[in-house]
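S.K.: As a plain string of letters, each chain reads:
Number of protein chains: 6
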Amino acid sequence: MKTAIYPGSFDPITIGHLDIIRRSARIFDKVVIAILVNTRKIPCFDNEKRKEMIEKCISDLDNVEVVIKSGLTIDVAKEYDAKVLIRGIRAVADYEYELQQATANMTLANDIETLFMVAKPEYSFLSSSVVKEMAYYHADLSKVLPKEIIDEVQDKFK
Amino acid sequence: MKTAIYPGSFDPITIGHLDIIRRSARIFDKVVIAILVNTRKIPCFDNEKRKEMIEKCISDLDNVEVVIKSGLTIDVAKEYDAKVLIRGIRAVADYEYELQQATANMTLANDIETLFMVAKPEYSFLSSSVVKEMAYYHADLSKVLPKEIIDEVQDKFK
Amino acid sequence: MKTAIYPGSFDPITIGHLDIIRRSARIFDKVVIAILVNTRKIPCFDNEKRKEMIEKCISDLDNVEVVIKSGLTIDVAKEYDAKVLIRGIRAVADYEYELQQATANMTLANDIETLFMVAKPEYSFLSSSVVKEMAYYHADLSKVLPKEIIDEVQDKFK
Amino acid sequence: MKTAIYPGSFDPITIGHLDIIRRSARIFDKVVIAILVNTRKIPCFDNEKRKEMIEKCISDLDNVEVVIKSGLTIDVAKEYDAKVLIRGIRAVADYEYELQQATANMTLANDIETLFMVAKPEYSFLSSSVVKEMAYYHADLSKVLPKEIIDEVQDKFK
Amino acid sequence: MKTAIYPGSFDPITIGHLDIIRRSARIFDKVVIAILVNTRKIPCFDNEKRKEMIEKCISDLDNVEVVIKSGLTIDVAKEYDAKVLIRGIRAVADYEYELQQATANMTLANDIETLFMVAKPEYSFLSSSVVKEMAYYHADLSKVLPKEIIDEVQDKFK
Amino acid sequence: MKTAIYPGSFDPITIGHLDIIRRSARIFDKVVIAILVNTRKIPCFDNEKRKEMIEKCISDLDNVEVVIKSGLTIDVAKEYDAKVLIRGIRAVADYEYELQQATANMTLANDIETLFMVAKPEYSFLSSSVVKEMAYYHADLSKVLPKEIIDEVQDKFK
Chain A
3 MKTAIYPGSF DPITIGHLDI IRRSARIFDK VVIAILVNTR KIPCFDNEKR
53 KEMIEKCISD LDNVEVVIKS GLTIDVAKEY DAKVLIRGIR AVADYEYELQ
103 QATANMTLAN DIETLFMVAK PEYSFLSSSV VKEMAYYHAD LSKVLPKEII
153 DEVQDKFK
Chain B
3 MKTAIYPGSF DPITIGHLDI IRRSARIFDK VVIAILVNTR KIPCFDNEKR
53 KEMIEKCISD LDNVEVVIKS GLTIDVAKEY DAKVLIRGIR AVADYEYELQ
103 QATANMTLAN DIETLFMVAK PEYSFLSSSV VKEMAYYHAD LSKVLPKEII
153 DEVQDKFK
Chain C
3 MKTAIYPGSF DPITIGHLDI IRRSARIFDK VVIAILVNTR KIPCFDNEKR
53 KEMIEKCISD LDNVEVVIKS GLTIDVAKEY DAKVLIRGIR AVADYEYELQ
103 QATANMTLAN DIETLFMVAK PEYSFLSSSV VKEMAYYHAD LSKVLPKEII
153 DEVQDKFK
Chain D
3 MKTAIYPGSF DPITIGHLDI IRRSARIFDK VVIAILVNTR KIPCFDNEKR
53 KEMIEKCISD LDNVEVVIKS GLTIDVAKEY DAKVLIRGIR AVADYEYELQ
103 QATANMTLAN DIETLFMVAK PEYSFLSSSV VKEMAYYHAD LSKVLPKEII
153 DEVQDKFK
Chain E
3 MKTAIYPGSF DPITIGHLDI IRRSARIFDK VVIAILVNTR KIPCFDNEKR
53 KEMIEKCISD LDNVEVVIKS GLTIDVAKEY DAKVLIRGIR AVADYEYELQ
103 QATANMTLAN DIETLFMVAK PEYSFLSSSV VKEMAYYHAD LSKVLPKEII
153 DEVQDKFK
Chain F
3 MKTAIYPGSF DPITIGHLDI IRRSARIFDK VVIAILVNTR KIPCFDNEKR
53 KEMIEKCISD LDNVEVVIKS GLTIDVAKEY DAKVLIRGIR AVADYEYELQ
103 QATANMTLAN DIETLFMVAK PEYSFLSSSV VKEMAYYHAD LSKVLPKEII
153 DEVQDKFK
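Residue numbers (our numbering), protein chains in the order written: chain A, 3 to 160; chain B, 3 to 160; chain C, 3 to 160; chain D, 3 to 160; chain E, 3 to 160; chain F, 3 to 160.
Extracted from the complex, chain A is given alone in its bound form (with noise of 0.2 Å):
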């Protein structure tokens, strides 16, 4: 069985991280998707919430699952026993900082291979941080919100 990992804030997860969600589920066997804490930076959503809203969009992939956990991704990817870790591209500033990433996570861990997927051109501008500037002032959010959670999160701007 080939299990992938996902990492990221998701806070909140856009639906360009629900796409590459979508298409990683149709390549490997098992997702996983970890909501990596980070201890420095005070997120807009807490971490159950953040688990919350990205198992309301997943609920019909049974081949998908969603975790907190904090620490290197590396050895996250080791405790579920992935060999791949995913991670979408968009843009070249994107790029730059993925590719250290990779290569810092290759140094540390070469039995585990990160592999990028290209975001669709329609969310190449996707981020969370563009989503909660839009949120922040009101503007339209169903092109960049999975239906889901745009209640949620529209409330939490209010």
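The list cannot tell twin chains apart, which means a pair is met if one copy fits it or any two copies do.
Under the rule of at most 27 Å between Cα atoms (straight-line distance), these lysine-lysine pairs were calculated in the BS3-like manner:
#1 LYS80 x LYS134
#2 LYS145 x LYS71
#3 LYS145 x LYS80
#4 LYS80 x LYS4
#5 LYS134 x LYS122
#6 LYS134 x LYS85
#7 LYS160 x LYS71
#8 LYS80 x LYS160
Keep in mind the hints are simulated off the structure, nothing from the lab. Because the structure is a prediction, the values reported are computed rather than measured.
On the provided structure of chain A, position chains B, C, D, E and F as indicated by the hints.
M.R.: Same frame as chain A, now just chains B, C, D, E and F:
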């Protein structure tokens, strides 16, 4: 009448910004310089002072107006019936961020066009941050600031 | 009257080019599409055919004209009294080349402004070369070419 | 069974290519190495020779197959029922080109995923062109070619 | 005598930094490592400790000196009569920032040359931040830090 | 004595090249300009003519020598006992290619350092190709070529 909006924080306006403004004013019937208020970041110069400094530098241009606004850039553009959003770009790092913003704005309001104008090569390193760093260490500001505001900026960092 | 020039080889025009043309025609009073003749490269479609194909696609736009020209872009711009040169950009590779050209043109003729317009995300992979590659292998061209010229391009590669 | 396709010209295969192949063979059930015939470019080694050289290097891998194909990559993928297309990437220039190709392929066949695998840092400068340049000037090839084919490549450039 | 300055925060020095220092010391008569004090950012290790750690790693190099300085880099260069400013670069993100800084410095002091030295590929992911992240999670530091300071850094994060 | 090599095709030398040469000559004891013969590409100016044109421009510099060489750059560097290889860089596209070359050279000869020097912003668009394009269309060359060779280049394209 074609109106273009040129948004930014202008904290403070540099000769690079001023060059983009003068060049835009030759192409469009009206240019609205929008000082965007970012409530989550404390500026070095307050809103009114930044407006005043810009106005000092453009007193000879009669088709340019300076306004202080909060909210999404595209909403400000709509308020002034601007169909064009001007952004100066210098290099790739800029460009990636700008490309993402432009794509986001295209998705949110497809009747407003972002147009990029290339910074003059001699201003390719310039930003408000670089200027503030230089002012902090009492470097010569005559190559980076419009002459109208040099004294004011120097005083601030005394 | 503000005239913009949109130079290129258009061998053949793609839906990406057409999108830039339509968006430019909304902003400027007149748009001159300049097919630049490159004597050192044999085009797939000859000059007149390329002009004819573009004209088929823009028959509903009355402020757009197509011309065949050789020489430096800025000299063509001067001939048509265009103060603006439009370039569509897609990604960083594009951008670097375009930035270099724009800077060269700025040095040669500082009264002509290059303005970059961002390609729609769904056209971000599109170029005449990609289209010809697809046509060569008889792939479906309906997502990449204006419908007015699909048959013609397909015939060419039969 | 998950099949991945790894397309390229492999003219000749480098240790960088071989590393991507070995890493892919650990993740996917089957890997099809597709030598894509480009009728418009004369290769240094002919199709059969390139196939033979790759096979020499992968004789210990029993889930990898080498095929010679012409046409669009996605059509080759379909023929082998491969849902994954592997691409090695080294740096930004690579990435931009690859991103464009991946986006084109996504539009043409949305059930085939392009996955990028990062080259090991020590192979980040390697390409078939660099190897041929080095062979042309009789440089030491032991750090850039699999040992199985060094003699053959050296002989070619004698 | 040609003196080069190598500025940075070195919080802490990595094997990547050390490699740049050793390579610079072979090219220039004297290398001054300038720990630049940034009053607006709290370092992990204090100035004296950072100096001490660097000195431990370079005890065998007699043409290298470590100094603690505040102010603009070019002013520090002038103080030590250094005509060359060394910067290590790893990838595009680095490069863009470095290019901007180098251009700014060129404008402010045109007799001081910035020279970029490429990081060894195996150090291309390395930075003080990556090291601190690894130390925070108690990862093995032997591939990222000079052996002389590993214990000290580990102790800090216990 | 520190010798630096500055390799290129210089077909023809531009004011951008000349600026890099002059700046290098201030830093290193000797600078060897190596015109690299590429047997697979027909130059516009022959080897001897290119050498002659460079020599005309540097007659006031007594620590600079021009040589015509074929082979790998690092072999030429060894021949002249140059421990430094100078490369001018302008932008990201340049940089990626240069980074790849520098890494290849580092692997092949780790005692020769590639040092990058940033082009002056006003020369950031300049290349021999741009100059030839301009000369072909009889544009003014006074901002792009050293005055010593303008006539010669103009004559070539008459």
